[in-house]
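Chains as they are written, first to last, in the UniProt record's numbering: chain A, 1 to 276; chain B, 1 to 435.
Since the hints were made in silico from the structure, they are not lab data. Among these hints, one or two may not hold up.
So, partial list: chain A residues that the calculated Cβ filter (under 7 Å) puts toward chain B [claimed, not checked]:
1) Y128
2) L129
3) L130
4) S133
5) R175
6) G178
7) L216
8) T220
9) S221
10) S232
11) S234
12) P236
13) G238
Calculated from the model, a selection of chain A residues having no Cβ within reach of chain B, i.e. all distances over 10 Å [as the list claims (entries may be wrong)]:
14) I15
15) L73
16) I77
17) A253
Every residue, glycine too, gets a C-beta built ideally from N, C-alpha and C.
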Amino acid sequence: MARKVSDTRRWTFTILAWGVALAIFFPILWTILTSFKSEADAIASPPKFLFFNWTLENYAEVQSRSPYFRHFLNSVIISVGSTLLGLLFAIPAAWSMAFQPAKRTKDLLMWMLSTKMMPAAGVLIPMYLLFRSSGLLDTRIGITVVLMLINLPIITWMLYTYFREIPGEILEAARMDGASLGKEILYVLTPMAVPGIASTLLLNVILAWNEAFWTLNLTTSKAAPLTTFIASYSSPEGLFYAKLSAASTMAIAPILILGWFSQKQLVRGLTFGAVK
Amino acid sequence: MTTMLRGLLGACALTALAAPAMAETLTIATVNNGDMIRMQKMTKPFTDANPDIQLEWVTLEENVLRQRVTTDIATKGGQYDIVTVGNYEVPIWAKQGWLTPLENMGADYDADDILPPIRDGLSMDGKLYAAPFYGESAMIMYRKDLMEKAGLTMPERPTWDFVYDAARKMTDKDREVYGICLRGKAGWGENMAFLTSMAASYGAPWFDMDWKPQFGSEQWKKALTDYVTIMTEAGPPGASSNGFNENLALFQTGKCGMWIDATVAASFVSNPKESTVADKVGYALAPMGEKPQMWLWAWTLAVPSSTDSPEAAKKFVAWATSKAYTEEVAKAEGWANVPPGTRTSLYENPEYQKAAPFAKPTLDSIMSADLKNPTTVPVPYIGTQWVGIPEFQALGTAVGQQFSAALAGQSSVDQALKMAQQISEREMAKAGYPK
Chain A
1 MARKVSDTRR WTFTILAWGV ALAIFFPILW TILTSFKSEA DAIASPPKFL FFNWTLENYA
61 EVQSRSPYFR HFLNSVIISV GSTLLGLLFA IPAAWSMAFQ PAKRTKDLLM WMLSTKMMPA
121 AGVLIPMYLL FRSSGLLDTR IGITVVLMLI NLPIITWMLY TYFREIPGEI LEAARMDGAS
181 LGKEILYVLT PMAVPGIAST LLLNVILAWN EAFWTLNLTT SKAAPLTTFI ASYSSPEGLF
241 YAKLSAASTM AIAPILILGW FSQKQLVRGL TFGAVK
Chain B
1 MTTMLRGLLG ACALTALAAP AMAETLTIAT VNNGDMIRMQ KMTKPFTDAN PDIQLEWVTL
61 EENVLRQRVT TDIATKGGQY DIVTVGNYEV PIWAKQGWLT PLENMGADYD ADDILPPIRD
121 GLSMDGKLYA APFYGESAMI MYRKDLMEKA GLTMPERPTW DFVYDAARKM TDKDREVYGI
181 CLRGKAGWGE NMAFLTSMAA SYGAPWFDMD WKPQFGSEQW KKALTDYVTI MTEAGPPGAS
241 SNGFNENLAL FQTGKCGMWI DATVAASFVS NPKESTVADK VGYALAPMGE KPQMWLWAWT
301 LAVPSSTDSP EAAKKFVAWA TSKAYTEEVA KAEGWANVPP GTRTSLYENP EYQKAAPFAK
361 PTLDSIMSAD LKNPTTVPVP YIGTQWVGIP EFQALGTAVG QQFSAALAGQ SSVDQALKMA
421 QQISEREMAK AGYPK
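Build the full structure now, drawing on both the sequences and the hints.
Listed below in structure tokens is the structure:
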């Protein structure tokens with residue numbers, strides 16, 4: 001028999017959940033609000049919440065000063081490109097680790113993850129030199145490959161976890177029916193793992209979209225994504241909060257909308273296999 | 001075969017013809033501040049006169065820019081043709097051979113017109129390595145109305161004691177008016193810029209002639225004690241997280257009686273569009289201790305030696321830091337908006353003097369700054385609010401954190417100085433000083 005939850009309890013939890021959600025969302029909301037303020041209102045103390053002179057001047061200024069669309073296009077190419085490229089390597093890797101594990105598979109997985117533990121700044125100079133000598137500085141292909149490599153351990157790990165939830169017998173059955181390895185992965189495994197692959201894809205697009213260390217350091221202008229666009233609005237001397245907020249809002253809007261529409265998929269993917 | 005050969009030859013000829021017409025692109029790295037952004041909008045005369053040069057701007061936050069440009073120049077990446085650097089970096093980078101000397105800047109460039117303290121700081125062996133775009137010093141901005149209410153008159157250059165006295169009298173914490181706002185946020189370019197110059201004015205240098213850190217001196221103790229005391233008594237709450245922009249915001253909203261900071265702030269606090277106290281601001285020279293508090297900063301344009309287009313880059317630098325550019329800005333946006341602090345001729349211009357009430361204190365502050373003799377005793381380094389060694393960025397920030405903690409009340413002045421001494425001794429030994 002299902003446990004009956006008392007009304008008070010339900011209300012408490014609902015309010016608590018809303019409170020937590022609002023607290024997490026508040027910085028973004030504040031950024032969006034600030035983007036419609038004048039610079040003077042943006043620093044007003046006590047802070048002005050809704051009652052200020054709403055203005056679009058920051059957006060106009062940002063629009064006139066920076067090639068937003070070029071940065072946006074670079075962000076799309078880099079984040080989607082690096083994720084797709086990553087999936088290309090990670091699906092076969094995760095398949096072999098999930099269905100054909102060897103004695104050291106677990107160690108291998110840990111080792112892959114350990115590459116994420118190194119501080120990025122530690123390898124900046126060698127990477128920069130490599131990029132310089134191979135002519136990859138400020139190119140989309142260069143930064144795409146780097147982001148793919150950075151996110152590859154996460155992609156592989158996520159896919160590995162999802163694949164493990166799929167009964168190996170189904171794949172065996174496919175093999176019995178004469179499916180080749182390629183066909184087995186493409187026609188049997190992949191369709192079953194779609195929710196997992198989709199959430200991996202979404203999460204990694206978001207991670208690559210927000211990546212700010214390598215994109216700032218390895219691109220200059222031609223391949224510079226939205227992270228450099230935001231970085232250009234912080235000022236050492238002079239007020240900049242409103243314009244910076246407008247730039248940030250423009251930079252996060254696409255990914256926020258994407259996240260909004262795909263949240264069901266994301267949550268489903270992230271909790272996939274959580275209960276067993 | 002002949003047809004193919006002809007075709008190939010034709011293609012070669014076309015490429016050869018097209019080559020001179022192909023535009024050279026200059027990538028310019030810059031910080032986001034008003035004067036630099038204005039320059040980006042004002043480049044039409046330059047690109048009209050040089051149709052073969054295209055400009056590509058990369059604007060970055062100051063610290064990101066510094067890291068990015070340093071990486072690129074040190075590895076000879078060649079991503080930038082022109083970089084915006086401070087006068088702190090110029091001598092260090094010039095010594096490393098990272099910058100192209102700016103010779104032959106054109107007949108009408110008039111390098112002698114550049115203010116001597118600024119020019120000297122950017123030159124090595126008589127050669128200019130960066131051209132100043134704008135320069136700044138420090139001064140006191142104060143509220144004339146509050147000063148009057150306190151029954152005081154601000155002298156042209158007050159003593160530190162006068163400043164402390166006035167700060168206490170102007171403070172009215174119930175109405176959220178604080179007598180004095182000073183930088184407290186940790187960072188070599190934040191609180192340490194202020195404290196280095198303040199301590200120097202008390203006669204306290206960073207190092208003696210043998211590169212021994214001097215934080216154990218009586219002068220340092222007096223300077224830091226005075227700073228923490230006055231900020232606790234008459235400063236705004238949470239001052240240990242206030243940098244330039246936070247203090248600017250406080251001053252503009254009428255919460256500061258006095259603010260000692262970079263002269264560039266004058267154009268912001270006197271701008272009625274941003275500042276609620278625009279018509280009440282007075283200016284005075286930075287305070288006097290054993291020596292006047294000195295401060296000299298310049299944002300300059302330099303050409304890295306790794307660029308592929310040194311000549312075009314020099315041409316642009318010459319244009320952007322010329323007298324002609326100043327006049328263009330004056331014509332388009334008024335004299336108050338021209339980049340200040342670099343040329344003698346600007347300060348002799350009556351129109352500028354009329355438009356910028358802060359012109360005279362700015363010039364006097366810059367002219368009184370002596371990079372080689374910032375304090376009462378001889379020092380082995382140059383710099384007024386910084387120390388001209390590559391290690392200063394990291395060291396200054398580490399020491400700044402100790403002083404910021406003292407301001408926040410997390411440690412005592414003695415503890416902070418002791419820690420500063422230890423950190424400096426360790427870092428200097430590690431870096432191999434004395435060299």
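Evaluation of the provided hints:
no. : hint : verdict
1   : Y128 : holds, 5 Å
2   : L129 : holds, 6 Å
3   : L130 : violated, 10 Å
4   : S133 : violated, 10 Å
5   : R175 : violated, 51 Å
6   : G178 : violated, 52 Å
7   : L216 : holds, 6 Å
8   : T220 : holds, 5 Å
9   : S221 : holds, 5 Å
10  : S232 : holds, 4 Å
11  : S234 : holds, 4 Å
12  : P236 : holds, 4 Å
13  : G238 : holds, 5 Å
14  : I15  : holds, 31 Å
15  : L73  : holds, 16 Å
16  : I77  : holds, 19 Å
17  : A253 : holds, 21 Å
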